[in-house]
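Take these sequences, add in the hints, and give me the full structure.
Here is what each chain is made of, one letter per residue.
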Amino acid sequence: MSANTSRPGPGEWEEAARLLSRTARDLPPGRHEHHRERLMAHIEQAQRTQEISPRPEKARRFRLVRPAIALPALAAAVAAAVIVGTALTGGDGNGDGPRRLATGPALTTRIGAASPNGVGRLLDQVSLVAAKDDHPVLKAGQYVYIESKAADTFVKNVDGRVSLASHALHRRQVWYSPDGTKGWLIDPAVNDSPEGETLSLPDEQGNTPVAGLNHPSYDYLAKLPTDPGALLAKIYDETRGQGNSPDQEAFTTIGDLLGESYPPAALTKALFKAAARIPGVVTVNDAVDAVGRHGVAVARLDETSGEREEWIFDRTTHVFLGQRSVQVKRGRGAEELVKPGTVLFTSAVLQRAIVDDVKQVPARTS
Amino acid sequence: MRARLRAGEPAAFAELFDSYARGVYHHAFRLTADWSTAEDVMATTFMEAWRLRHRIDSEGGSLRPWLLGIATNTARNQYRSNRSYRRAALATAAAELNVPDHAEEVTEQIDDQRELAVALRALASLRRPEREVIALCVGEGLDYEAAAKALGIPVGTVASRLSRARRKLRSLADAELARPSGPPAAVTGDGRSPAPRPTRAGPAQRPERSRGRREAGDAGRQIPGDRIDTVRPAQEGNR
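If you read the protein sequences in the order shown, they are chains A and B.
When we follow our numbering, the leftmost residue of the first sequence carries the number 598, and every step to the right adds one.
When we follow our numbering, the leftmost residue of the second sequence carries the number 55, and every step to the right adds one.
Don't take each hint at face value.
What the hints assert, rightly or not - One-sided and incomplete, this derived list gives chain A residues near chain B with beta-carbon spacing under 8 Å:
1. Ala-613
2. Leu-617
3. Arg-619
4. Thr-620
5. Arg-633
6. Met-637
7. Ile-640
8. Glu-641
9. Ala-643
10. Ala-830
What the hints assert, rightly or not - Pair by pair, the computed Cβ-Cβ distance ranges are:
11. B:Gly-206 x A:Lys-926: 43 to 53 Å
12. A:Pro-791 x B:Gln-163: 39 to 49 Å
13. B:Trp-89 x A:Arg-837: 38 to 48 Å
14. A:Thr-705 x B:His-108: 28 to 38 Å
15. B:Ser-73 x A:Val-755: 24 to 34 Å
16. B:Asp-111 x A:His-732: 36 to 46 Å
17. A:Arg-758 x B:Arg-109: 13 to 23 Å
18. A:Lys-736 x B:Ser-112: 38 to 48 Å
19. A:Arg-758 x B:Ser-73: 27 to 37 Å
20. B:Asn-152 x A:Gln-957: 46 to 56 Å
21. B:Ile-207 x A:Thr-705: 54 to 64 Å
22. A:Val-734 x B:Ser-73: 42 to 52 Å
23. A:Thr-795 x B:Trp-89: 21 to 31 Å
To be verified - Chain A is nowhere near these chain B residues, computed Cβ spacing over 12 Å in every case:
24. Trp-89
25. Gly-114
26. Asn-152
27. Pro-208
Rather than coming from a laboratory, the hints here were simulated on the basis of the structure.
All C-beta atoms, glycine included, are put in the ideal place defined by N, C-alpha and C.
Written out as structure tokens, the structure reads:
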């Protein structure tokens with residue numbers, strides 16, 4: 598060996614550094630964002646479990662996708678700085694999820710009286726009205742736009758101290774492409790930035806999302822059978838093993854399909870007709886949607902959780918107003934805090950339309 | 055930032071991710087020798103950081119050493135034995151070199167690939183503990199104390215492992231230089247390279263002086279410490 602190599606020191610420092618500097622290669626394009634989104638989804642899920650959400654399964658479905666922070670954290674920080682002082686909580690960091698939305702005490706309501714009578718008749722009227730809403734077919738390149746208002750109550754767990762809290766009533770706007778692979782969401786209960794976030798994302802495994810009953814695209818809905826019997830059979834079949842009971846799960850699934858979608862009228866009609874065949878479905882004489890509109894409801898009680906899901910319709914026109922979930926029996930275990938009369942989730946659909954691009958809002962009709 | 059992370063604020067974790075994912079990925083690659091495994095290790099590291107957020111002190115400097123420590127542990131779980139690492143390293147190196155001979159391929163890129171293959175073979179010649187310190191101190195530029203903390207070992211151990219690792223790399227590089235145009239020297243079956251000669255003035259003998267010193271991150275940069283050997287006697291004489 599030469600003198601240079603036998604003596605450790607500069608030569609070796611340099612050599613190691615030189616070798617190692619060659620191993621620094623960057624992630625393939627898009628992978629950084631992909632992994633950040635996965636991390637955010639992971640955190641969100643962990644937090645939700647920690648919150649002992651009274652309805653982990655349902656909360657996810659109502660809120661739909663939460664594709665994590667798609668915008669640079671800096672932008673979010675700037676936005677948060679601007680928003681401070683406008684009744685929003687900012688990053689108080691107590692882990693109660695959404696950062697731009699005020700939280701308050703649990704939401705409550707008067708529980709309407711339920712009756713098994715008249716369900717078939719009410720749903721008949723509702724489906725007749727729905728069948729008349731003959732909107733144009735959604736074309737490729739267009740988007741379904743749905744604007745709603747929503748609020749919810751959740752169980753908050755701060756260092757082991759459990760309490761009930763709620764997200765204030767807020768506007769939610771969502772855009773979906775026909776195949777469901779592209780979209781945009783503006784919802785302060787979900788987004789970190791006031792601009793919202795993209796829904797045009799691969800899922801956690803990097804696959805393009807495939808539409809299904811629990812995450813339907815317009816195209817998917819348009820292909821569903823419009824015969825109520827066949828439709829209901831498919832729903833029971835594909836939700837087997839999910840939820841607290843097959844009947845409740847079928848009802849909930851239909852509710853989710855009605856809530857934030859704009860399917861062809863024929864399907865909406867079939868969904869209502871199918872719901873009429875589910876055992877245990879009742880009418881409720883008085884229910885209020887998220888923006889205070891009173892109406893009648895088609896509902897079903899989940900015996901396991903003590904929650905009743907209500908689809909609210911205008912008393913005279915039978916137009917679908919919104920839906921909510923009300924605790925009518927005392928909860929058990931972690932949900933003991935949730936007293937009867939607590940509104941766990943409430944929404945009101947304000948507008949559904951077909952638009953030509955994300956973030957495009959139609960002129961208000963009505 | 056630390057308080058926000060401790061509190062589990064998602065936005066803080068997004069920031070943490072944006073700041074350090076790249077470095078963690080580089081580090082994970084050096085410890086796994088496989089691009090996609092490195093990606094998995096990187097992703098797992100941040101999920102672990104989330105899980106272990108309660109261990110974050112409210113006071114302290116950069117969280118990079120902590121993350122690199124988690125990444126090191128995670129990478130360690132990827133391979134049961136050093137033999138698996140070597141297999142991965144050689145496979146990745148071979149894949150790098152196995153590029154069709156396109157005329158339009160830039161020479162620079164081919165050089166990069168060849169050099170990466172050399173580096174992987176070199177890393178594979180090390181024992182795992184040596185590779186970990188070299189990746190932390192040389193690859194990611196941690197000082198000895200931070201590396202010791204990240205690995206949960208004494209500072210002196212970091213220094214001695216580092217010095218051993220460097221000598222191995224140096225002798226390996228000599229072997230490569232001896233055959234400049236041919237394929238780089240393959241690592242022997244058991245992954246051992248010629249035993250280094252014991253030395254008098256190596257870093258192992260003076261770990262206390264190594265505290266707080268930083269390794270050179272890049273080849274071009276001046277190497278901290280390359281002057282010390284000549285300057286020190288005079289300084290000590292003045293004390």
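Right, here's what the structure says about each hint:
1. Ala-613: With a closest approach of 5 Å, the A:Ala-613 hint holds.
2. Leu-617: At about 4 Å, which falls below the 8 Å cut-off, the nearest Cβ of chain B leaves the hint on A:Leu-617 intact, so it holds.
3. Arg-619: holds, 4 Å
4. Thr-620: holds, 5 Å
5. Arg-633: holds, 5 Å
6. Met-637: holds, 6 Å
7. Ile-640: holds, 5 Å
8. Glu-641: Given a least distance of 7 Å, the restraint on A:Glu-641 holds.
9. Ala-643: holds, 7 Å
10. Ala-830: At about 40 Å, which exceeds the 8 Å cut-off, the nearest Cβ of chain B leaves the hint on A:Ala-830 violated.
11. B:Gly-206 x A:Lys-926: 43 to 53 Å: holds, 52 Å
12. A:Pro-791 x B:Gln-163: 39 to 49 Å: Distance hint for A:Pro-791, B:Gln-163 holds at roughly 43 Å.
13. B:Trp-89 x A:Arg-837: 38 to 48 Å: holds, 40 Å
14. A:Thr-705 x B:His-108: 28 to 38 Å: holds, 34 Å
15. B:Ser-73 x A:Val-755: 24 to 34 Å: holds, 27 Å
16. B:Asp-111 x A:His-732: 36 to 46 Å: Given a distance of about 58 Å, which is not inside 36 to 46 Å, the answer is violated.
17. A:Arg-758 x B:Arg-109: 13 to 23 Å: holds, 22 Å
18. A:Lys-736 x B:Ser-112: 38 to 48 Å: Given about 55 Å between the Cβ atoms, the range is violated.
19. A:Arg-758 x B:Ser-73: 27 to 37 Å: holds, 32 Å
20. B:Asn-152 x A:Gln-957: 46 to 56 Å: For A:Gln-957 against B:Asn-152, whose Cβ atoms are near 50 Å apart, the range 46 to 56 Å holds.
21. B:Ile-207 x A:Thr-705: 54 to 64 Å: holds, 57 Å
22. A:Val-734 x B:Ser-73: 42 to 52 Å: Distance hint for A:Val-734, B:Ser-73 holds at roughly 47 Å.
23. A:Thr-795 x B:Trp-89: 21 to 31 Å: holds, 27 Å
24. Trp-89: violated, 8 Å
25. Gly-114: For B:Gly-114, whose nearest Cβ neighbour in chain A is about 18 Å away, the distance exceeds 12 Å, so it holds.
26. Asn-152: holds, 17 Å
27. Pro-208: holds, 21 Å
Checked against the numbered hints above, the structure breaks hints 10, 16, 18, 24 and satisfies the rest.
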